[in-house]
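Peer 1: These are the residues of each chain, in order.
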Amino acid sequence: MPLQGDPTHSPNGVSRIRFRKPHILQSEGAAAIAFIAPAFLALALFRLLPTWYAVIESLKFKGAFVGIDNYRFLWSSESFRNCLKTTLIFGAIVNPLQIFAALVLALLFVQRLPGIRIWRSLVFLPVAVPLLVSAVVWGIALRPDDGLINAFLNLFGLPSQPFLTSDTQALPSIMLLVSWVGVGYWMTFLIAGLQDIPPDYAEAAALDGANWWKTLLQITLPLLRRPLAFVLVADTVANFLLFAPVQVLTRGGPAESTNLIMFEIYRQAYTFGDIGLASSQVVVVILVLLAIVSVQFRLLRGDGS
Amino acid sequence: MGPDVTGRDPLQPGRIVRFAILTPFAVIVSLVFALPLVWMTASAFRPPEQILRYLSPLSIKAFLPTSPTVASFDELATGPFPRSVLNHLIVAGTTVALGLLVCAMAAFGLSALRFRFQGALFAIVVVSFLIPFEAVAIPLATLFRSWRLDNSYAGLILPGIGNGLAIFLLRQFFLGLPVDLREAARLDGAGWWTIFWSIYIRLSKPALLVAGLILFVFQWQAYLWPLLIISDQRLELAPVTLAKFLGQFNFDFGQLFAGALIITVIPVMILIPLQSLFTQSISKSGLKE
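Line by line, the protein sequences give chains A and B. Under the working numbering, read the first sequence as residues 1 to 305, first letter to last. Under the working numbering, read the second sequence as residues 1 to 289, first letter to last.
It cannot be assumed that every hint is accurate.
Here are some of the chain B residues that sit facing chain A, going by a computed Cβ distance under 10 Å [claimed, not checked]: (1) P47; (2) A97; (3) G99; (4) V136; (5) L158; (6) F196; (7) I272.
DEER-style ranges, computed between Cβ atoms [as the list claims (entries may be wrong)]: (8) A:L217 / B:A20: 52 to 62 Å; (9) B:V265 / A:P144: 52 to 62 Å; (10) A:F297 / B:S59: 48 to 58 Å; (11) A:D146 / B:L101: 28 to 38 Å; (12) A:R251 / B:P80: 21 to 31 Å; (13) A:A92 / B:F249: 33 to 43 Å.
The hints are simulated quantities; they were obtained by calculation from the structure and are not laboratory data. Beta carbons are placed, not taken as given, at the ideal position from N, Cα and C, and that holds for glycine.
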């Protein structure tokens, strides 16, 4: 931050004399407050206030104060525990999978190959598609009787699969769809990170006789630590808050197998009308997010490099 | 890819490996990613009753519009869809314009000006943007209903204009501008607004472009929020209208694909040319500091 401790910064008094009309924006502090106010108001009203409101509402049942009863209920609720478990399993599989795929593709698409910009753009293309549209298109592609994916399976002599209509395949199907969207997106961050690594590092390693694999493990990956940490956290948060595909394709089913937490909250608030319980679930989500973010700070500050 | 002692960058393997193995692999991977979109595009231009025709057995014709027609688009034009696309453009456009002003002003206040609680204020901005909007959308929707902001453009636009990531990026960019410019203008008697508008904004075109893109994508990707606060069909946004098609018992595949294509083409035209600018700026802002 270049401005801090900047010796060229002149005191206000010098320039103030030259103002023709006295104005509220004359003083630097007052000006700063005026400039920041609209954004600050927006953040306070649309981010902080609803957080506070969720905390208050989570202590109520049908408008009456009930203390931590909603949380107690959540803790003992079989279906909420099942929802948490589904959300955790989903994250535990889809995040490493996406990051690994993004890393492999970043290493591939960072190469100077003929037409590489075109191939890279094609992988990035799904990112530009709104998630809801991807969900709709994949929903049709995954239809058990006449979908595109089963047509491919049949082409290779494999039997048709039930996909979204099966309680064992629905969650993996959603993983497939979000990875189609996500991998290209995270890949571009890793490519940016790879391009930031000075080529001298790899050249020095090559002079030392290091092969491709060794250079990757000992030089590239450690230098890619920050973009990787960023992608890990951002991807985890995005998948944790996944909503659209569940709402439009499976509505949490079959047999609650895709009941991810954002859909559970939506259903609690709008199908069952239990605002208190939904609010306590929102608070749980925010606490988990804060935990993830504090991990991010630790990873990014971290040791080494 | 064995030991490489020629002094060449070992992450850029030899010519033969590159052309014979990596290039075909890259092409196949990229085609797999593009295939669902090719299918979507071909299906949008197919006569509606033939959409799933070339799937069993799968034929290459599934990815080519065999007898191209815009029948599905014509159908779509008679329903609520054109209006919801227009709504979506109005909401996204207004969000970009207002959001850029609000976020750039905040970034200016947090970088070019100095005051006592700047650090604390910046910390609050950062923390509020670490809470993703989706996480608080459901309680906020209840608040918006009590404020009578549901079923209005204002209700759709307002949550999008204060964007922490956009503020962060612009602040980062403003910090890189030379302090001398500001000081010289001050000595010439320029007010802070003049300095903001004719120096900082003028010099920040690339950063403003990226911030505008962030604001646009936020609104174009929106689904949960419009679903929560809009029940009046005249104010519906395109993704919600599209999702409703899918919910109908006997939905029309042709219209679904045509609608999906329209919603997709708009951001693709904007995002693909700006792809590297976009990701580089975001990754930089997310990684430094």
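Peer 1: Evaluate each hint against the coordinates.
Peer 2: To see whether the hints hold, each was checked on the structure:
no.	hint	in the structure
1	P47	violated, 16 Å
2	A97	violated, 13 Å
3	G99	holds, 9 Å
4	V136	holds, 4 Å
5	L158	holds, 7 Å
6	F196	holds, 7 Å
7	I272	holds, 6 Å
8	A:L217 / B:A20: 52 to 62 Å	violated, 25 Å
9	B:V265 / A:P144: 52 to 62 Å	violated, 29 Å
10	A:F297 / B:S59: 48 to 58 Å	holds, 53 Å
11	A:D146 / B:L101: 28 to 38 Å	violated, 50 Å
12	A:R251 / B:P80: 21 to 31 Å	holds, 23 Å
13	A:A92 / B:F249: 33 to 43 Å	holds, 37 Å
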